[in-house]
Amino acid sequence: MNALTATVKRDLTGAWRHIGHFLMVPVFFVLATVLFPLAIGTEAQLLTLAAPGLLSVAALFSALLPLDRFFEDDRRDGTLDALVLSPEPLALFVAGRMLSHWLLTGMPLVLIAPALSVMLGLTGYSGYITGALIPATVLFGVAGALGAALTLGAKQGSVLLALLIVPLYIPVLIFCASAIDCARGGESATTPLLLLWALLAFALPAAPLVTGAILKWQLKG
Amino acid sequence: MFHYANPKRFEKISRPVLWAAGVASALFFAWGLYLALIASPPDYQQSETVRIMYIHVPAAWMAMLAYSSMGMAAVGMIIWKHLLAGLYIRAIAPVGAGFTAICLITGSIWGEPTWGTWWVWDARLTSVLILLFLYTGVIALADAYDDRDKGLMAASWLSLIGLINLPIIKFSVDWWNTLHQPASITSLAKIAEPSLDSSMLVPLLVMAAAYLGLFIALAIVRIDNEIAARRIETLRVRRANG
Amino acid sequence: MAEYFDMAGYAAYVWSAYGITLGIILAMIGASFWKKVRLKEAEESLLTTNEHE
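Protein chains in written order, with this note's numbering: chain U, 1 to 221; chain F, 1 to 242; chain R, 1 to 53.
Looking at chain U on its own, in the form it has when it is part of the complex (with noise of 0.2 Å):
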């Protein structure tokens, strides 16, 4: 067993523990959701219309949530100063902690959005919905685990870990948004979900390896 299978092992079956903060993340994104329509009225039109961009901007937030937790508990029970010691890359950790963190905050969000984009207006877009949102929630994930490597031990960590991962957002909310929105407009969705997957292929690999990087420089200093 490798660092990577043993992280989503040991995260998956420690996330028992922590069950409400992982709860939370979908909770919500529920929440998030259904929150808009009370606050711009039940217009079909409108609703559907921004349906897709609600979504994705909901989905954004909700990623959000669990980022100040991502390194903090192995940081302090000195896990991670073992880990950087230890000979097995420090990529293979991170890709671990991105696996069970999109495992645990990422694929409830992904199974949830088909039912809830109903309650917005948009039926029959569970497809691409889906396919949008899988790279979409994986890449909320690869970025939140970068920014957190940055801020790991900063003053006002969490705060600061949201303004440094919103532009790294930016072109996934966007891409995500209009792939179900070409979808809804009756429009070839294939450029933006090609771009998100290809946004995904890129950031897979790289990731890991930098968010490896920099946590090595956070603990050797």
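Hints are supplied without guarantee of correctness; some may be wrong.
Straight-line Cα separation of at most 27 Å, DSS-like style, residue types lysine-lysine; simulated pairs [to be verified]:
#1 LYS36(R) - LYS81(F)
#2 LYS9(U) - LYS216(U)
#3 LYS81(F) - LYS12(F)
#4 LYS81(F) - LYS220(U)
#5 LYS12(F) - LYS40(R)
#6 LYS12(F) - LYS36(R)
#7 LYS35(R) - LYS8(F)
Hint data in this document are derived by calculation from the structure and do not stem from the laboratory.
Given the structure of chain U, go ahead and fit chains F and R onto it with the hints provided.
Using the frame of chain U, we list chains F and R on its own:
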């Protein structure tokens, strides 16, 4: 160039370069303002408001240039541990943010008579707005650690990541813009950028040179400040340790 | 002359844009030199108190 990466050596060349940049900038400003406000003609469609372009567009160029230079300096800091590169990033991030603010504010003022609204979600203004967030992040992160050197490295990492992200942002915003703008505004946006013949291009370039000279001068003063701050920190630590 | 300052009716826009730009530039220059002066004072006071020890 690496020869001057040593802060002590930097201080020796910084004086003359500061004077040269400062004087050059002042001269370019004088000439540029004369061209922008007096010698250049009003635009066929936008009348006198086109004069705002001469302070708006070069500011956008400087905002982008400054951030790119921060990204490149970040490589120097991360890979070669050149302290001067890290000091450069912390020194000029606020200056870059200043040019970004100039670009956004003048863009907004220009937009009201041109498009009838104080803010337009066109590709350039939106990209520059995101750039402002990028700058704010670097400024905040550079000061977020008690250990100032840690802040330098963190800010360097962020600048590098931001630099890689910048073309992605530009591409996505440009793409988003063509997707959502009704045709009328797109053509209005083209009108707002009059085809540049020399009577308009020259003032633009002169103002750009003025901004660049100002940037270099400010960079030198602010890096000197960073070096002095480090010296003071060392003195304080030495005193505290007896 | 008054006609020139009027900027074909757009005076408020053109002059406020130039004014704000000048303001921000002066603020950047001012802040940098103010900090330079303060740092010099701090360093000098640190060095002179060191001598007294």
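A quick look at each hint next to the structure:
1. LYS36(R) - LYS81(F): Since the Cα atoms of LYS36(R) and LYS81(F) sit roughly 25 Å apart, the hinted pair holds (cutoff 27 Å).
2. LYS9(U) - LYS216(U): holds (22 Å)
3. LYS81(F) - LYS12(F): holds (21 Å)
4. LYS81(F) - LYS220(U): Answer holds: LYS81(F) to LYS220(U) is near 14 Å, not above 27 Å.
5. LYS12(F) - LYS40(R): holds (17 Å)
6. LYS12(F) - LYS36(R): holds (17 Å)
7. LYS35(R) - LYS8(F): holds (20 Å)
When the structure is compared with the earlier hints, no violation turns up for any of them.
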